[in-house]
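Q: Going down the list, the protein sequences come from chains Z and D.
Numbering of the first sequence is given in my numbering, commencing with residue 1 and proceeding in unit increments.
Numbering of the second sequence is given in my numbering, commencing with residue 1001 and proceeding in unit increments.
No lab work stands behind these hints, which were simulated from the structure alone.
Incorrect hints may have been included.
Derived list of chain D stretches under chain Z, where covered just means 3 residues or more per stretch with a C-beta under 8 Å from a C-beta of chain Z [what the hints assert, rightly or not]: (1) 1016-1029; (2) 1073-1080; (3) 1167-1176.
The list that follows gives simulated cross-link-like pairs (lysine-lysine, BS3-like), each with its CA atoms no further than 27 Å apart [as the list claims (entries may be wrong)]: (4) Z/4 / D/1160; (5) D/1097 / D/1004; (6) Z/173 / D/1090; (7) Z/113 / Z/184; (8) D/1004 / Z/4; (9) Z/113 / D/1090; (10) D/1173 / Z/113; (11) D/1201 / Z/97; (12) Z/173 / Z/184; (13) D/1090 / D/1004; (14) D/1004 / Z/184.
Footprint (simulated), chain Z over chain D, 3 or more residues, beta carbon under 8 Å [said to hold, decoys possible]: (15) 1127-1141; (16) 1156-1163.
Quick caveat, the model's predicted, so the values are computed rather than measured.
Backbone N, C-alpha and C define an ideal beta-carbon position, used for all residues, glycine too.
2 protein chains.
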Amino acid sequence: MANKQFSPEQADLFYQIIHSRRDMRHFLANESVSARALTRILQAGHSAPSVGLMQPWHFIRITSETTRASILENVEQERLLTAAAMDERKAEFLRLKVEGIQDCAELFVVVQKPDDGTVFGRRTLPEMALCSVACAIENMWLAARAENLGFGWVSVFDPKALALTLRCPEGAKPIAIICMGPVKAFYDSPMLVEEGWREEKPMADLLSENSWDGKC
Amino acid sequence: MANKQFSPEQADLFYQIIHSRRDMRHFLANESVSARALTRILQAGHSAPSVGLMQPWHFIRITSETTRASILENVEQERLLTAAAMDERKAEFLRLKVEGIQDCAELFVVVQKPDDGTVFGRRTLPEMALCSVACAIENMWLAARAENLGFGWVSVFDPKALALTLRCPEGAKPIAIICMGPVKAFYDSPMLVEEGWREEKPMADLLSENSWDGKC
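Modelling step: build the complete structure from the supplied sequences, incorporating the hints.
A: This is the structure:
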């Protein structure tokens, strides 16, 4: 299995998943995700690479409506604080939909576990543990797209308050509220592009040779 | 394209890519990566999600043998410093192969760009920019596997010295040395498992419901 050779057509299919992934905020209400898809998506997350094989992620599935409401309130408060921290774009920001917590079929919080002291690959870069958690989330995101499910990573929240809500131990840090479930349609382009919030940079601007400013 | 529906067989194929991805350290020498595969892998990275659409990544392709040698030296120095920071496992660590810099066909450094001041999704979690870069690397990693190429994220290095080597501007931070290219074989299990360094945790240990300690 580890040595499976993928055909050019299979690689093409993979790129279709990569390029049709979107950060979704609009979900169909009153829908569900099959237990099989849910398990496979979580397994994809748990199969992510991690520095020194730390596997520093913890997934909390939210099934309590009370907890869901509390998470929504946390996000709503931070949305207003974020708006207050903006100047001329405040009104524009407030018109954007920044979460899909109420409608999404499945709600998860991904928590970075307390540091286990791993030195391997982290002596100079302790933040590699966070990178591993991000890789797990990206794996889940792509898996959800392969299952034709929308997925959104919400980071507009107060992590300390959320850690309290979820009774996280000292040192554990929520880094993502994940909304997942069936959608009416995937955005044709990233929602922030469609809404005129920001343009995407061409890849050529972010690529160089042998040094930061090297020509390609 | 964004609304393509994937079949169950296509989803299965995606999971085969996810589960056969490995953090490679052993590469075939004197090989190359086609320009087409290289471009598609970089485009996969550049198509990653990013907080507030920051796209905070910069990819530096290393083609200079002098620069490659300098990067290898940086890693070798940090490998010894990491070993020195370990106690009883020092000798065991020194026997592990932690990089494939000399043999890999393609060598990249991924740099997190200087902060552009994005507040969206980052007021309470500024580290989301780093998460976006990690997602870009994971996209590249999976793309490389779909292209049957090995890929390894090396984080055993001194980021300040590497930033100097690559003439990175103030505030830019190298977070990954990426080794990529043809391999003789992918490890059946993660190399650190095969080498007896660490065992993988079962997913059930990292999953709970409604709270950190909730039952599933």
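Q: Each hint should be assessed against the structure and marked as holding or not.
A: Evaluated hints:
no., hint, in the structure
1, 1016-1029, "holds (count 8)"
2, 1073-1080, "violated (count 1)"
3, 1167-1176, "holds (count 5)"
4, Z/4 / D/1160, "38 Å, violated"
5, D/1097 / D/1004, "41 Å, violated"
6, Z/173 / D/1090, "30 Å, violated"
7, Z/113 / Z/184, "34 Å, violated"
8, D/1004 / Z/4, "25 Å, holds"
9, Z/113 / D/1090, "25 Å, holds"
10, D/1173 / Z/113, "24 Å, holds"
11, D/1201 / Z/97, "37 Å, violated"
12, Z/173 / Z/184, "32 Å, violated"
13, D/1090 / D/1004, "50 Å, violated"
14, D/1004 / Z/184, "12 Å, holds"
15, 1127-1141, "holds (count 12)"
16, 1156-1163, "holds (count 4)"
The structure shown violates the earlier hints numbered 2, 4, 5, 6, 7, 11, 12 and 13.
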